[in-house]
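A.B. asks: Residue-level listing of the chains:
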Amino acid sequence: MSSLDPIDRRIVEATQAGLPFEARPYHAVAEKIGIEADELMARLRRMLEKGVIRRIGAVPNHYALGWTANGMSVWDVEDDALPALGPEVGGLPFVSHCYRRPRKPPLWPYNLFAMVHGRQADEVTAKVEQIARLLGPASRRHDVLTSTRILKKTGLRL
Amino acid sequence: MDATDRRLVNALQGGFPVAERPFAEIGAELGLSEQETIARLATLRGLGTLSRFGPMFDAERLGGAVTLCAMQVPEERFDEVTDIVNAFDEVAHNYARNHELNMWFVLAVGDPGQIDKVVARIEEATGLVVLNLPKLDEYFLELKLSA
Numbered sequence: 001m002s003s004l005d006p007i008d009r010r011i012v013e014a015t016q017a018g019l020p021f022e023a024r025p026y027h028a029v030a031e032k033i034g035i036e037a038d039e040l041m042a043r044l045r046r047m048l049e050k051g052v053i054r055r056i057g058a059v060p061n062h063y064a065l066g067w068t069a070n071g072m073s074v075w076d077v078e079d080d081a082l083p084a085l086g087p088e089v090g091g092l093p094f095v096s097h098c099y100r101r102p103r104k105p106p107l108w109p110y111n112l113f114a115m116v117h118g119r120q121a122d123e124v125t126a127k128v129e130q131i132a133r134l135l136g137p138a139s140r141r142h143d144v145l146t147s148t149r150i151l152k153k154t155g156l157r158l
Numbered sequence: 001m002d003a004t005d006r007r008l009v010n011a012l013q014g015g016f017p018v019a020e021r022p023f024a025e026i027g028a029e030l031g032l033s034e035q036e037t038i039a040r041l042a043t044l045r046g047l048g049t050l051s052r053f054g055p056m057f058d059a060e061r062l063g064g065a066v067t068l069c070a071m072q073v074p075e076e077r078f079d080e081v082t083d084i085v086n087a088f089d090e091v092a093h094n095y096a097r098n099h100e101l102n103m104w105f106v107l108a109v110g111d112p113g114q115i116d117k118v119v120a121r122i123e124e125a126t127g128l129v130v131l132n133l134p135k136l137d138e139y140f141l142e143l144k145l146s147a
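The listed protein sequences correspond, in order, to chains A and B.
The opening position of the first sequence corresponds to residue 1 in the working numbering, with each subsequent residue numbered one higher.
The opening position of the second sequence corresponds to residue 1 in the working numbering, with each subsequent residue numbered one higher.
Extracted from the complex, chain B is given alone in its bound form:
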């Protein structure tokens, strides 16, 4: 990633225009041609430097629901429980973390009424208690990592 790529990535964190020729507009701000702008972004996306490019939808406003859950999994059962939890389609991410609560996963469902049911099914399948920690308020603005 060179200096121009960095300027491009930083410029895009502020928003990609909804316009007929949006790459031309973004490029013009930085003194790049439309073609070069497209080529650079396609390369960054292809290399994985950009993990997404496009609209960021809000799951809740789309009518779905997302929640964070935590479990205290006995060390000797960790792999077995990982397989059980990961087998649920509603589990989008799952991380091992260095805490007594050592398994943290995100549930994403199309219908908010499903959250409690999926939590209950995971508790039943694992025999462990799931702490459901839904977001009650949100304080972040944007991801502001400078490239």
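Looking at chain A on its own, in the form it has when it is part of the complex:
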């Protein structure tokens, strides 16, 4: 947390649970932490520019929207091909999170993770096949892990 000054820190604390549903939400937050609304908005814009804030907006609960099926697809992609192919996979409309992670052989040979969403399980299967076609021979093997149970979900406390 060292990169934030104390006021930014308070802004994070005051807004990480969400913005208030009021006509002037930033004024309400500014008042709560004891700064001017203009300063709060300027700091938010700066944090957006620096990427400390990815964006300000709404996160739909995909279950509530009917996107009830998902699968963590994992791929063993040739390292040299990944910088070009990774962004293509991440750019697919049904892929939410897409990361390169280390392989841990022998148990874990995969270096690309792409979370795939669909309205039904067979839709997820079809979309995984679409990724397989996109990756072509650069992917040596893949698997799809589905969650069978949520054991804990508290969210990130920063």
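What the hints contain is simulated information worked out from the structure, not anything from laboratory work.
Errors might be hidden in some of the hints.
Under the rule of at most 16 Å between Cα atoms (straight-line distance), these lysine to aspartate or glutamate pairs were calculated in the EDC-like manner [claimed, not checked]: (1) Lys153(A) x Asp89(B); (2) Lys50(A) x Asp58(B); (3) Lys135(B) x Asp79(A).
It should be emphasised that the depicted structure is a prediction, and the values quoted were computed from it without experimental measurement.
Mind docking chain B on chain A? Use the hints.
C.D. replies: This is chain B only, laid out in the frame that chain A set:
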């Protein structure tokens, strides 16, 4: 959720303005009054259709660290190990998955130096090996689920 709610949720995925009257601005794009925009969004949030509304912070740029870990837990120890792992405050999410590596959890810490220490403590507490799979590169753009 009606057609107007859907348009509203889709419009917000592109970003909520930093402005004095942001709900009025978003509403104006869709032909809604400020009051109706606020009321609809508050209802969607209250019902859980929106799981979050506000700034999305990047944990790493805030100075913290997040990583994904996986463990191979013997079936007969699954519940016991679940309790041990979940008792760590640093464990934000934990999922059972259909693979030999059957337990997958996310660690979130305020100081990146803590990751290795927490992994070691979980290994010690469970007697099992934890595979630490930190993100090395990121390829996603946005969550683009159409509402």
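A.B. asks: For each hint, tell me whether it holds in the structure or not.
C.D. replies: Status of the hints after comparison with the structure:
1. Lys153(A) x Asp89(B): holds, 11 Å
2. Lys50(A) x Asp58(B): Holds: Lys50(A) and Asp58(B) sit about 10 Å apart, inside 16 Å.
3. Lys135(B) x Asp79(A): holds, 15 Å
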